[in-house]
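> Sequence:
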Amino acid sequence: MPGLYLGKARSILFGRARGAVTPRRSLKGRVIIGSTSAKMTDGQLKINCAQDLLARALGTVSRAVAGRPSLPVLANVLLTAGDGRLRLVGTNTEMAVTESLDCQVDVAGSITVPARLLVEYISSLPPGPIDLETDAERLELKIVAERSDSAFKGIDSEEFPPLPEVAADPILSVDPALLKRMIDVTVSCCGDTSRPVLAGVCISIRPDELVLAAADGYRLAVKRLDCDTGVTDNVEVVVPQGSLQELSRILGSHPDEVSIKIADSRSHIQFDIGSVTLISNLIEEQYPNFESLIPQEHTTRVIVPRGNLEMATRLASIFARTGSRVIQLETEEPGGLLVSSNSAEVGNHEERINASIEGENSVIAFNSKFLSDMVALVESDAIEIRLSGSTNPGLFAADADPTYCQVIMPMHVAR
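Be aware that the sequence shown starts at -17, since it is given in our numbering, and climbs by one per residue.
Since the hints were derived computationally from the structure, they do not count as laboratory data.
Honestly, I wouldn't trust all of these hints.
Computed cross-link-like contacts, DSS-like style, restricted to lysine-lysine with a CA-CA straight-line distance of at most 25 Å [as the list claims (entries may be wrong)]:
hint, residue 1, residue 2
1, LYS124, LYS135
2, LYS162, LYS243
3, LYS28, LYS135
4, LYS162, LYS351
5, LYS124, LYS28
Quick list of the computed label-pair ranges, beta carbon to beta carbon [unchecked claim]:
hint, residue 1, residue 2, range
6, GLN227, ASP113, 34 to 42 Å
7, PRO144, GLY341, 54 to 62 Å
8, GLU267, ASP157, 23 to 31 Å
9, GLU102, PRO143, 22 to 30 Å
10, HIS236, ASP215, 25 to 33 Å
11, LEU297, GLU140, 54 to 62 Å
12, SER362, ASP117, 54 to 62 Å
Everything numeric in this text was worked out from a predicted model, so none of it was measured.
Beta carbons: idealized from backbone N, C-alpha and C, even for Gly.
Could you build the full structure based on these sequences and the hints that come with them?
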């Protein structure tokens, strides 16, 4: 991308490119369903379940509960019992997480109770069976364990927001470990909510690959997974960063295959992981054509051991973070890379590491945090760096691995 520089990157990345995504379908016909298949009356729930299963499920769904809810019921978790299962739901209106567990259901019913307190209480109980029963008159959830008896004030489950209906059939199934690594691209999301589309991650499902991309105007991260998706036309949606970060946490403790479903209205996406489901709103805005931002040419190619670059970057960042937050990379003959940083308040640092150099000598500077984030996410013994002068973006990738790359805009260093 000749002539591209830091200031220009923002205008190009923020602009909409024709053909960047498939036009979204109309929201007409959107269907909203209740949180249960049949209406249940508060005060009729009575079950027996295992403490460890309930504690784990509460820990999962409670992370979706709003920290500063706009409504009191949004600080609660919804409990619904029926057909030998207890279903728990937590939501912050942007996303909802549900988990179901086996239990003995004496009376089917539902209630909402404060999530944080319930999580702390159930996780503090000793292992063993516990009884849960609601009191219709007091609208309370009574909990009886081996040596304890308690009651939590609740809120009518009718006040809990309904969950959206998403497609019945999955569009794609993915290995949880692979998807978790792909979600690491969220590090490049924009923290500025004035541009919501860049505060999300683009998920592009193509006939032969799944692609996740995130950008903030100064850097771009792209991760690809070669697979037969079964789609004939590209499907592209934008998922809020927070929803995918929560999904990543769930994947860390649930090894089941992930089924991905997208609503026909393109308003919601659903991830099913065993007994856990995460439903998220989608950002209804076209994502920039990120493929056009990946440099196709270079004048300098550097192959450097990942561990050496990680250590050099870590040391240089100590000086960079108190000053301009700049780390400079300079190629040296016959085969070295000079990593340096300078702070008027602290001092300066430089380190030479062995590297394979092809092409022209180059001097270029990058944001220290961006470099550190990049190195941390590369899963390879060596990192490939492709440069085209000091004012064009640098391309960073795992050596011999075309599935992951980061594009980082350079920073200007006063001479």
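> Each hint: holds or not?
Here's how the hints hold up against the structure:
Of the supplied pair hints, the one linking LYS124 and LYS135 holds, its CA atoms being roughly 9 Å apart against a limit of 25 Å. Restraint check for LYS162 and LYS243: satisfied, since their Cα atoms lie roughly 17 Å apart, inside the 25 Å limit. Pair hint LYS28 plus LYS135 holds up; C-alpha atoms about 16 Å apart against a cutoff of 25 Å. Restraint check: the Cα-Cα separation between LYS162 and LYS351 comes to about 22 Å, which is no more than 25 Å; the hinted pair holds.
Under the criterion of a C-alpha separation no larger than 25 Å, the hint pairing LYS124 with LYS28 is consistent with the structure, at around 9 Å. Judged by the Cβ atoms, the range 34 to 42 Å given for GLN227 and ASP113 holds: they are separated by roughly 35 Å. Judged by the Cβ atoms, the range 54 to 62 Å given for PRO144 and GLY341 holds: they are separated by roughly 59 Å. At roughly 29 Å, the beta-carbon separation of GLU267 and ASP157 lies within the given 23 to 31 Å, and the hint holds.
Judged by the Cβ atoms, the range 22 to 30 Å given for GLU102 and PRO143 holds: they are separated by roughly 24 Å. Between HIS236 and ASP215 the CB atoms are about 31 Å apart, so this pair conforms to the stated range of 25 to 33 Å. Checked against the hint of 54 to 62 Å, the C-beta distance between LEU297 and GLU140 comes to roughly 59 Å, which is consistent with it. Taken as a hint, the range 54 to 62 Å holds for the pair SER362 and ASP117, whose Cβ atoms sit roughly 59 Å apart.
This entry satisfies every hint, going by the numbered hints stated previously.
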